[in-house]
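Student: The task is simple: from the sequences and hints, build the whole structure.
Protein chains in written order, with my numbering: chain A, 6 to 169; chain B, 6 to 169; chain C, 6 to 169.
Treat the hints with caution; some may be incorrect.
Note: identical chains are not told apart, hence a pair may lie in one copy or across any two.
Pairs of lysine-lysine, DSS-like flavour, derived with a Cα cap of 27 Å [stated by the list, open to error]:
(1) K169 to K152
(2) K71 to K29
(3) K29 to K152
(4) K32 to K71
(5) K152 to K71
(6) K32 to K169
Calculated from the structure, these hints are not laboratory results.
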Amino acid sequence: MIILITGGARSGKTRHALTYAGAKNPKTYIATAELLDEEMRQRAERHRLERGVRWETIEEAYDVSKHLLRLRGVVVVDCLTLWLSNWVLRAEEQAGRQIESLCSALRVTEADIVAVTNELGWSIVPDNALARRFRDYSGLMNQRVAKIADHVVLMVCGISVQVK
Amino acid sequence: MIILITGGARSGKTRHALTYAGAKNPKTYIATAELLDEEMRQRAERHRLERGVRWETIEEAYDVSKHLLRLRGVVVVDCLTLWLSNWVLRAEEQAGRQIESLCSALRVTEADIVAVTNELGWSIVPDNALARRFRDYSGLMNQRVAKIADHVVLMVCGISVQVK
Amino acid sequence: MIILITGGARSGKTRHALTYAGAKNPKTYIATAELLDEEMRQRAERHRLERGVRWETIEEAYDVSKHLLRLRGVVVVDCLTLWLSNWVLRAEEQAGRQIESLCSALRVTEADIVAVTNELGWSIVPDNALARRFRDYSGLMNQRVAKIADHVVLMVCGISVQVK
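Tutor: Structure follows, in structure tokens:
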């Protein structure tokens, strides 16, 4: 079972993903953020405290597929957008291939996956060329993963709207 | 009855709020914008003309709760996002407390409230640190108010989509 | 029959419009982009290859109404946002009148129209005054066209959500 949870910033995506994981076990949380500054470290720590001790946390900014292929139970990936931005910043020419590799892992994993992503193209076209390209990669990734997903949920003000 | 109406810029939120208020009386419109420049004054004046004479208008950029607690009938608050930005610009450290205070007033008010808010986190992360923090406050406020609300409506191209 | 397809960047709007056009004939695609740089030319060429030979393509950055009034069969307009931005950049004072003219053509056309537009106001208010005004024009256009449309479809991660 693949669930994709999307939405804007601070729309309750992570909380919904954790709730969705519910009673399933074991529970793994894959954090894809590279903790580059204090603001990000504080956010990560706050999230970890909110999850509680029943969750194993893996910090993995790049090779998410490897974990999807070996894990069992329920796995929350939080989030695909940060994972993709890590790849784009490190090796932009690999972005397309990494998205394909992720999709391949999602198709064969034996775990239940709850993947969090972001809506980030509902605005005026950014001035910055890299930001424009990232919007494109991100939108294409969301479409590819949504196609594989059993359910897609859009978060609006903390409320889940099932769109697939 | 608490209704939260959200959506992007120029998506018909205010018009829908006024329509929603419908036949109920008395009608009060709380305008939270601080009219700092000519662009904003023109917008406020246009809105006032559209509402017509059956609406009492209160301009209140900060202490919205006070009015929610004393008013009866139907009250449109337009909008929570501007109200929150007023607080963040004046005293950012109070933002969380002000959101709680607003929620407390919403829980006990005897008026029917139609509150307008904005979706503003569906884009690339802003460069500006204050903009990022405001996105966070705003998203958290929307989640808090949506939890209290009886109905939440998302406006898309002037069309209302009920999400709660 | 007028269909309006909206959504964020890279949400699958164009693909959905082409699929929607389906078995109807003849098929015309009105491309409204002014191909000002290499990035845009490549995107246009990619889209043209994806459509295939059964589609006639018209490149028309300004006078879309003229074509709506004479064409038969199914016509995809891709997209209204670019068309509006062309007008705003060339003659901003005409934006409102052009939107009205477009709506008049949509009301009387004998073709089936599938119009693509964009959601671009779901973010922090832009610093740039022209960007703010364009957001406003764009939102008003979307509301006007949605009111005329028989159906309005919001794309989320490549999935169509019918909102009207």
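Student: All the hints need checking, so say for each whether the structure fits it.
Tutor: Quick rundown of the hints versus the structure:
1. K169 to K152: both (9 Å within a copy, 23 Å between copies)
2. K71 to K29: within (21 Å within a copy, 46 Å between copies)
3. K29 to K152: both (24 Å within a copy, 26 Å between copies)
4. K32 to K71: Only inside one copy: K32 and K71 sit 17 Å apart there, 45 Å across copies, limit 27 Å.
5. K152 to K71: Within one copy, since 21 Å is at most 27 Å while 38 Å is not.
6. K32 to K169: within (24 Å within a copy, 29 Å between copies)
In summary, the structure agrees with every hint in the numbered list given earlier.
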